[in-house]
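*Asks:* These protein sequences, in sequence, are chains A and B.
Residue 2 is where the first sequence starts when you use the working numbering, and the numbers rise one by one after that.
Residue 2 is where the second sequence starts when you use the working numbering, and the numbers rise one by one after that.
In short, the hints are calculated from the structure, not lab data.
Be careful, since some hints might not be right.
Quick list of simulated restraints, FRET-style, between CB atoms [claimed, not checked]:
1. Thr16(A) with Leu453(B): 57 to 63 Å
2. Phe137(B) with Arg612(A): 45 to 51 Å
3. Gln608(B) with Arg161(A): 22 to 28 Å
4. Ala140(B) with Gly179(A): 40 to 46 Å
5. Leu489(A) with Lys621(B): 44 to 50 Å
Positions of the beta carbon are idealized from the N, C-alpha and C atoms, including for glycine.
Protein chains: 2
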Amino acid sequence: MTNIKEILIGKQFPTSMDIHERLDKLRALAVFASDPISSNAYATEAIMSVLIVLGSRSLGLTWHVGLAVATLVILVIFSYIQTILHYPEGGGAYTVAKDNLGKFPSLLAAAALLTDYILTVSVSVSAGVRAVTSAFPDAFIYRIEIAILAIIFITWMNLRGVRESGTVFAIPTYAFVGGVLLTIIIGFTRYFGMFGATSLPVIEQQVQSATSVAGFAYIWLLLRAFAGGCTALTGIEAISNGVQAFKRPESKNAATTMVIMGVMAMSLFVGITYLSTHMSLIPEEAESILSQMTRAITGGNFLYYWVQFFTAGILFLAANTAYQDFPRLSAFLSNDGFMPRWMQVRGTRLVFSSGIVVLSIIASLIVLVFRADEIAMLPLYALGVMLSFSISQTGMFRLMGRIAHLKPGESIHTQVTEIHYERGARWKQALNAVGAVTTFGVFVVLMSTKFLEGAWIVVMIIPLLVAMFYSIHKHYERVATALSTNGLASQDLSEVADVVIVPIADIHRGTLRALMYAKRISKDVRAICVTTSPEMKARLLRRWKRFSKLTRRMKLITIEYDYRDILTPFVQYIKRVNDEEFPDQLTTVVIPAFVPTYRIGRVLHNQTAARIRSTLRNYKDIVIIDVPTHIDSKI
Amino acid sequence: MTNIKEILIGKQFPTSMDIHERLDKLRALAVFASDPISSNAYATEAIMSVLIVLGSRSLGLTWHVGLAVATLVILVIFSYIQTILHYPEGGGAYTVAKDNLGKFPSLLAAAALLTDYILTVSVSVSAGVRAVTSAFPDAFIYRIEIAILAIIFITWMNLRGVRESGTVFAIPTYAFVGGVLLTIIIGFTRYFGMFGATSLPVIEQQVQSATSVAGFAYIWLLLRAFAGGCTALTGIEAISNGVQAFKRPESKNAATTMVIMGVMAMSLFVGITYLSTHMSLIPEEAESILSQMTRAITGGNFLYYWVQFFTAGILFLAANTAYQDFPRLSAFLSNDGFMPRWMQVRGTRLVFSSGIVVLSIIASLIVLVFRADEIAMLPLYALGVMLSFSISQTGMFRLMGRIAHLKPGESIHTQVTEIHYERGARWKQALNAVGAVTTFGVFVVLMSTKFLEGAWIVVMIIPLLVAMFYSIHKHYERVATALSTNGLASQDLSEVADVVIVPIADIHRGTLRALMYAKRISKDVRAICVTTSPEMKARLLRRWKRFSKLTRRMKLITIEYDYRDILTPFVQYIKRVNDEEFPDQLTTVVIPAFVPTYRIGRVLHNQTAARIRSTLRNYKDIVIIDVPTHIDSKI
């Protein structure tokens, strides 16, 4: 057992080994940017797959919708820079909301983020697999299997304790950015016929409008397309969670990185959107828009396969970031008593193993249910991000309000951080207000436009998660009260009754051993046996008599029973003794159990001992003693 | 829990209610004949599906092969009548072999029979479903689901304790026999143009020979066809197992019933084989030969649906007989120590529930693997029957030899039965010899001809089962030795060391309760705590001091540990105490466990208590005491 685990996961790390790697900006950018940059693999397509309903002629609108999305991204990035500067210890939406808004908003943000992290894995892995199957269409029928294998691989790596080791991340991230940028540049060169480049093949395909849409329905469709494009915003918050991973000065470096990340992500998004719109590409199930565009521009040469390969790479890395975020947030919540306590326990490799496993299972289920179709999952995706953005910005709005009241040179402590007087706090507050209102607006649009397409699932799950947080919290509070030693006097601890009950089925070495143990701790030992036939009873009495020297001063109680569930009379007897003879005292039950040394041998026994034990556990004031007799035997 | 079980399975029966119903010949025939008679649904087809390789013109051979099979059936029936007369207590192959041949042959027969019973369920249910889908071809794609549902239904009925209530059985058995007989009579009338009946449509279809076959390969093919037809023999032994179910005089009534059963089953077999051969029917996957024949003869009228409906009915009944035989034989084997002991435990409704459930699971798996195609399963099927027939006949040969040595008026006891002098014992012995040799011959033919088609599975499984019987037996013998009280003196039972170890994680009401219990039974109480940080240790020492009044005269041992698997140091400490300080004595460990009253609340705790408990169970000489603290709380 231990050996298999060690081979798979690696040798265990001592707790004291837990030191953090600090990243320079170049590597930090690679680590944190993989998630937002990778959304370029599907964001444009998410807009187009809505607009296609109007027919291929309306796909030109994608460009305008894309510009609106890009504007929102810039707004959100500038708002998050404020967060970074004020929460240098790491300010996820949960922390900011807890510090400024209170318990409920923080839990709401946490629930939104958790669903978002899960979907990050499902969406990114599915999109990554699609990048592979776009290049190799024969693999399309195995997409679900490939996606699940990818999740298993990422899970395995994370259980081994892959850290945010920037170097590994740097390769696919920069290779993707470089490859796509080059494609875009070639695309523009060819599109505008610069340098005498051969002009681009504009696809002639036509798709007729499925329905004629006008008036309110038209606006509705545009809103849906815009909401689809908002998946480009996912992952932007990652840096704010991980400020401590930067070299000093952390906040400043993080803020700079955020700006670069924004510029990079938006260049790609705007470039891809412009070109695919003007090349009249049409979304297809089997080949992604990015793949179609790259294929058309590059003519399917080496650069095409480069882009596809690193698209898959960066998407798997994006999934990997959720493996950092989900377990960390779960552990925070667990530490505050809102998640099961074992979410905080770190495994042999110092990672939050439970969180990793829970994330993998849920993400795999989503991949299965949605058959690895990331476009179908997108309606669920951006919703959580937007809600957490909005809550986080609202928290920052509050914080800025408090800062605006400080006089120059003044500084105060909040629960989590220290704030100082700063200039232009009112202006920044206004920016946060705009950010909060806009992202909340997008949340509402997403919720209403995508409700029937799947957003309802998230709308159901987030409140359920919040309710779960509250009830877990209540449970732990109750446990703490029950176990509290406040005002505890020694007579409060139940007295131990001077009685020991030993359920037996026969007199043999094992039961005699149990009886001897019982005799040592009590003067009132009662062996009880449920007999199912007169022969059994006679045999038992005969054997009891034979060992009268050992069993003297013990009572043998036989219960005749005409059914086969001998557990019932045993338990009834024990309960009667506990409730009537010795109320409010601890009754002791000694269970003679024989344990075959080979585990498989255990299936050959009736397991009565195990069943008595697990039944008695449900009754208060019963102490169970296991007196095992080991039997050295294979089956 | 109990309520759901009671609704599904019914109120529990007292053990004393177990009285057997006795059957008159008419109803006994219906009960026992369903299995052999039902094989008419596929036996002819099993022959034809081999011969079709030679092309449809060679299907005429079916008739000759069928006659050979019928001859064998008659031989086996006459041999089995001997068994019935000499083992009135019920003489399955297992009993006969145990009484006359010894342990190994009896276990071989038992293994063969168990595989046979399992296949009876899979084959009969699949064939029954095929009768349904032959009539309603649209249901063909759901055949696996229907088959599994049928198994679940039969399982459910048997768990409720359906007895061999003859009346229920009588309806489909006689309805099937009547329906098929009527079809055959109409068929003959039309075939021979008697009474001016419209002549039968002889099907014009032609299938070309797949390969040209001659010489040895031709004989091989005929043998394979014969072996296929031998499925008609399955179920013949049923009466010999159930002699006690007959009214007095049991043996005589059973023997008479056996003869009638043979006549009935063979009339149908010969009739079906003659007609389907002479009508040039060709086996098809979606429609059975019986269905084709009936459809052609009746023209698809009411009689056709009658036959199809009761074909399904009698096949499900045939499956049901395995639900009597498999659990009964398993319980016999269990009683002799060759199967897990819980196979003998009768459930709330006085049936051997474990056997029923095991049978259902394995039979369902086979249906799934073979996709409910009974023709594909047949190569596995008849093998077990033939082996058990052969062993049983050999046993009878031995018994007859002993009888032949008796003088008139003399009688002796075997282990199981009483035998008297009888006339013609030598002749009967010769009959048994022929039976044994022939069935063994068929077994060899089946094994070699069907080896690659699936018989190898059975050839593998039977020895594995026998090996399992032996190793289970060995295990129980070892357990009996280990628990034996022969020459047991009180000093042989391990002494109890005066030490109690209490693993704790913190000082709270629960751990204090455990410490108080420990103090009551020992003067040397040691609380041990694994600390993972200096803060944790300081806090623990502070709290221990606070309760110094309660904890005086107890030791607190803290172990500093730099890993998270705190189980390891706990267990190491306990083992050291047990091995070094108190060798050969029982060391007591008191585990403070808190038990949330709501089961779901338990997932919120680290389960350290449960893990310590299950780890310590593997070490000898450690007594585990659970001191539970119940916490009244929902999550």
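*Asks:* If a hint holds in the structure, say so; if it doesn't, say that too.
*Replies:* Here's how the hints hold up against the structure:
no., hint, result
1, Thr16(A) with Leu453(B): 57 to 63 Å, "59 Å, holds"
2, Phe137(B) with Arg612(A): 45 to 51 Å, "46 Å, holds"
3, Gln608(B) with Arg161(A): 22 to 28 Å, "24 Å, holds"
4, Ala140(B) with Gly179(A): 40 to 46 Å, "59 Å, violated"
5, Leu489(A) with Lys621(B): 44 to 50 Å, "37 Å, violated"
In summary, the structure is inconsistent with hints 4, 5 from the numbered list given earlier, while agreeing with the others.
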